[in-house]
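Whenever a hint applies, use it, and build me the whole structure from the sequences.
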Amino acid sequence: MDTVTVIVGSSIGGVRTAQSLRLEGYEGRIVLVGEETELPYDKPPLSKSFLASTATEASICLLNQQQAQELGIELQLGHAATGVDITGNLLQLQGQEALHFDNLVVATGSSARSSPWGDRPGIHVLRTLDDGRSLRGNLAKGGQLAVIGAGFIGAEAAATARMLGLQVTIVDPLPIPMSRIFNSEVGQWFGDLHRSNGVTTIFGTGVEAIDGEQGSFTLRLTNGQNLEAATVLVGIGAVPNDTWLESSGLLVDNGLVLDEYCRTVDAPHIYGVGDVARWRHQKHGEDIRIEHWTNAVEQAACVAYNITHPENPRAYTPVEYVWSDQHDWKIQVVGRVGGNAEQDIIGDPEVNGRFAALYTVDGTNLSGAAIVNWPKALLACRRGMGTGITVQELREKLEPMLDPQPLQAS
Amino acid sequence: MPVVKADLGACQGYANCVVGAPDYFDLDDDGIVVLLKIDVPEADRQRVVEAARSCPVSALRVED
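Chains as they are written, first to last, in the numbering used here: chain L, 415 to 824; chain F, 3 to 66.
Hints listed in this document are in silico derivations from the structure and should not be mistaken for laboratory results. Take the hints with a grain of salt, since some may be wrong.
Chain F residues, not near chain L, derived (Cβ > 10 Å throughout) [what the hints assert, rightly or not]:
(1) L10
(2) L37
(3) L38
(4) I40
(5) A45
(6) D46
In silico DSSO-like pairs for lysine-lysine, Cα to Cα no more than 30 Å straight-line [what the hints assert, rightly or not]:
(7) L:K462 to F:K7
(8) L:K462 to L:K744
(9) L:K555 to L:K744
(10) L:K744 to F:K39
(11) L:K811 to L:K697
(12) F:K7 to L:K744
(13) L:K811 to L:K744
(14) L:K744 to L:K697
(15) F:K39 to L:K811
(16) F:K7 to F:K39
(17) L:K555 to L:K462
Here a beta-carbon is modelled for each residue, glycine too, at the ideal position from N, C-alpha and C.
So, in structure tokens, the structure goes:
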């Protein structure tokens, strides 16, 4: 009888796991279960091209019925998973008969942290396609947009709305919001970027309450000011979708806890992928969870390999990578940045229109980098993170690219 | 033999392909993908398909 791999979660992590299993030659059944009724879709465009209407629902589709059929992937959409019986190997579904599995892949992702100021019409979060449609619809009506939270989603949506011609204000309780990720100098540049593109920033200020209704909200701020807005976007982070696993006996602690091969400790035929997965990163020596697209894709490939090579599994030790597009900046972050790491900045956004901030934890070797508008520096950093490179070596390599040496008179 | 194809207009220079298969992909100075090889022998197929699929904007395809 065919073995069955059931994948719970129909976003990028789940879809790529299914595709990679076929690429690895897996011949059993693959069942892809999704809570949403939508065909699987890609999330990064929701705050960028989809919000700007340059991408369509069809163009951000990750797997249509025909592609699923060709790969022998059984799509079961519109079914929320409610629990796992890890001894009986059953995935429990809402209003639906439980599914038997030989291998289970948990790829249920994360959800936008909900608004503590109410979630009535006109107060949006941005995580799902439906969120995207609804925000896009409201932006089309015009009027002020207030974005609460200057993280990647909020900052990207603010930039897109500005491009669409809206008046946009970003409110964030931190004085330099991007200092959550970078140090304050680079963080300051991000604030400058938004202001120079016409976004109003109110940083170091929280939101006490949102009064009013769609089209005429008033945000009462902690500094005593009021901010008027037609539409509000709340971008205050995400939480892993792991509560449905709590009754299963699997270890859940801010995500599904996994070993270095992305298997649960108690049931090695149960794997995790993407935002919901907290796995043991051997090189970092700690359990980490990453909410980024590239991680979901790479982890999916690793899990597909481990399902098809159970006798010889591969430890998952990625170099972190995330990008963000805001106004005319392409921001790319490799490895680990900020925190206690020392920083060395090459280039200047004002002078060069590009820069690379290099980080080192031990004072010598590159441990991470934040790069803006500089593809060759990105490549050098990504390669260097793989093979090992010092900050000094990178500086020597990148600096001449930035400021070409004048030709020597002969 | 399968061949790899790039949509240069779609490429945004994320470099996931270069990390996945550095012997097939590179970036030029503007951050646009450069194909170092076109033909994909069967032995390379799996990793080149994985590298193509790691493109965030689906700018790469391996076609039979």
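Quick rundown of the hints versus the structure:
1. L10: holds (14 Å)
2. L37: Non-interface label on F:L37 holds, nearest chain L Cβ at 15 Å vs cutoff 10 Å.
3. L38: It holds; F:L38 is separated from chain L by about 13 Å at its closest Cβ, greater than 10 Å.
4. I40: The claim stands: F:I40 keeps its Cβ more than 10 Å from every Cβ of chain L (closest is about 20 Å).
5. A45: holds (14 Å)
6. D46: Answer for F:D46: holds, closest chain L Cβ roughly 12 Å.
7. L:K462 to F:K7: It holds: about 25 Å lies between the C-alpha atoms, which stays within 30 Å.
8. L:K462 to L:K744: holds (12 Å)
9. L:K555 to L:K744: holds (28 Å)
10. L:K744 to F:K39: holds (27 Å)
11. L:K811 to L:K697: holds (26 Å)
12. F:K7 to L:K744: Given that 30 Å is the threshold and the Cα spacing comes to 24 Å, the pair holds.
13. L:K811 to L:K744: holds (21 Å)
14. L:K744 to L:K697: Holds, because 28 Å separates the two Cα atoms, which is no more than 30 Å.
15. F:K39 to L:K811: holds (26 Å)
16. F:K7 to F:K39: Distance ~10 Å between F:K7 and F:K39 Cα, so the pair holds.
17. L:K555 to L:K462: Holds - the C-alpha atoms of L:K462 and L:K555 are around 18 Å apart, at most 30 Å.
Of the numbered hints listed earlier, not one is contradicted by the structure.
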